[in-house]
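Relying on the hints, combine the two individually framed chains into one complex.
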Amino acid sequence: MNPIAPYRWPTPGAQPEHLHSPYVSSIKRSPTRPLVRIPHTLSEITGPCVEPQLVSPAARDLTRQHKGEPLGERIIVGGRVLDENSRPLANTLVEIWQANAAGRYLHEVDQHTAPLDPNFTGCGQAITDSEGRYRFVTIRPGEYPWRNHYNAWRPAHIHFSLFGPAFATRLVTQMYFPGDPLIPFDPIFNCTADAMARSRLISIFDWESTLPEQALGYRFDIVLCGREATPMEEPKK
Amino acid sequence: MSLQATPSQTVGPYFKIGLQWLYCDNLAPEGVTGERVLIQGRVLDGDRIPVPDAVLEIWQANSHGKYAHPEDQQAKPLDPAFRGYGRVPVNQDGVFRFATIKPGPVPGPEGKEQAPHLVISVFMRGLLKRLVTRMYFPGDARNAADPILNLVEPQRRATLVTSQSADGSGLLEWNVVLQGVNETVFFDIGL
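Residue numbers (this note's numbering), protein chains in the order written: chain Y, 472 to 708; chain P, 164 to 354.
Keep in mind the hints are simulated off the structure, nothing from the lab. Some hints could be false.
List of simulated lysine-lysine pairs, DSSO-like, C-alpha gap at most 27 angstroms [what the hints assert, rightly or not]:
#1 P/K265 - P/K239
#2 Y/K538 - P/K239
#3 P/K275 - P/K265
#4 P/K179 - Y/K499
If we strip away everything but chain P, and leave its shape as in the complex, we get (with noise of 0.2 angstroms):
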């Protein structure tokens, strides 16, 4: 027998009552491997104006490129400090900010490696269902064969690849710009 999925409905403006205890903004606590970053950006609406209430979900694979998920058959070590997801809403400034490490790359479509990257689910009020985009590093040379960057528009992958701070701290900068100039990709991966 086959069904058809439950509709999304939107998180609404108090999902903080709901989901705040899995709230988590430091991926990687003491003893994970891999080299450790800082990402901090904001998100913005059509006005430019900064979302003070959304939170942003982030799955990503370990240092070695292995995801902690029974489907991942890879031979490679799972790092048992790391479960590879957190949950981070923004302040109301619209500005996140999370530790992490660096995932290693996994295998994408037709055998092709993926670059490192991160999935992220952004959920807010006015959103009738999440919003799913990826975040990748920059200066990596794997972004140019990166089998997902390479079904978007050249122009806009841009939007996908957090970039350098300018004050040399090394925090790496990233922003959800929900439309408009450098609307951010958004992908369609079902619901």
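So that you can see chain Y by itself, here it is in the shape it has in the complex (with noise of 0.2 angstroms):
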């Protein structure tokens, strides 16, 4: 068998905990018990490879869904996927969600009372290129209001899903936009101790990507977990 190379455990502060008592949700649902660290194993090393050819080409386009163009601003979303050894990840599935432009969601549960968009259903994938490249097209979400607090509300944001190659890799996060005034009140977006680690959460405005009469272009350039440097031998006892 050959030795596992685990991956990298996250410098303190740079990942939230699961307890935020500002984000009143987390209360009832963060564990209380202390988590139990394991090494990674064949377990947690492996993980699902989504296979590319469940994605079809259209679901990087968000703007042409329906028969109409949804409302809003129309924005270029992309970056590249990279590992904390900075190597592009190839061929790994990216996953969005995000409200219309009026700060609404398709969904149930959602009853602010802002408008639905007819022509928008906020949902896209896509896979990375040979350089860990991804592009979306989709519009501007709206801010939206909610009850965490008085007078709550989240900034503009676009939620992210991806796999990495490992169970061990798994990421589920959200991206904002430069200059959002309401980013500094969040306490979803500051959940996370280490400004500098937040900072990465927000998009960058990127004239390479903007498209002329078309689109602005935002950058968001993704960093899963990385593999320590060389595989550890296991311990023999």
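Have a look at this one:
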């Protein structure tokens, strides 16, 4: 049996804790007993391999899933998926979901009085190319109120879900927009202690992907946890 | 050059929009070899209230104990009909249910064998990062020597083992208890 090359544990503060009481929903849903740390085994260094052919190229354009064009500001959201060793992660699934331009989700639980858009579902998928790149066409999601605290508003954001190469690399996150005045007040954005780590959740306005007469571009690079530099020999007892 | 991983954020209440296209509660379609099992349970919060907005992801080896993944180099057969992953939402009563096959044993640390198990990610509103746990099978003699179960204090191990339904149907039951009495053991695997 080959030795297992484990994935790296995060730097303290660079990932949220489960309990972050300003985010009220975490109070009754976060474990109270300490997590049990376990070594990575074959079960953790392998993981779902989603077949690229399951993803249609059309799923990358959220503005063309219906008869008409959705309302709102068309944008391009793209970037690279890398690991902590700066290696591009090719052929990996990127899933996104978001509110419409008015800040309303197409979901039965969302009771915000903003209108639904019959031309916008808010769901997309892409597979990264050989250099780890992905690109979506969508509309800029609206900010919306929520009931976490008095006058609480979520900053505009897009949800991202990635598998990466292993069960250990699974990541669900949210992308924010530069200059959004709601970001400093958002308990979900602020759940990560380290300010540098938090800043990686904010996309960058990107001239390079901006399309003249068409759409502004935003760049959002995503880093999944990487491997220890060399496979560790398993200790002998 | 070394980078740092992007921080995790909650899936929030509306994940169904983005994740449901890959929902799969039958991991073992026709043609997959192995002992078929049906697993059902509930997700309960700190007030013992069922969580109506959670989703589980499952990853497991096939009946021979081999993962459908390039890094599994064991000389065991792959099962072409078996992908080994599922994504199962709970219903409004916090209940999830999925069908699969019992996996074979896979290697563990220090050359020890791991008892048959599923690895599980749990996502929901309120969780800023996923919870990771495992599901073992009742009455399997290999559980006693499982190197991961043995890292857990003995009185909490039962939270990781499914139980036979009392009605004799063969249904396996396993709950995710987020807090309190019988709080499920969750693992730190990094993120």
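Results for each hint:
1. P/K265 - P/K239: Roughly 16 angstroms separates the two Cα atoms, so the pair holds.
2. Y/K538 - P/K239: violated, 50 angstroms
3. P/K275 - P/K265: holds, 19 angstroms
4. P/K179 - Y/K499: Holds, because 22 angstroms separates the two Cα atoms, which is no more than 27 angstroms.
Of the numbered hints given earlier, the model fails hint 2 alone.
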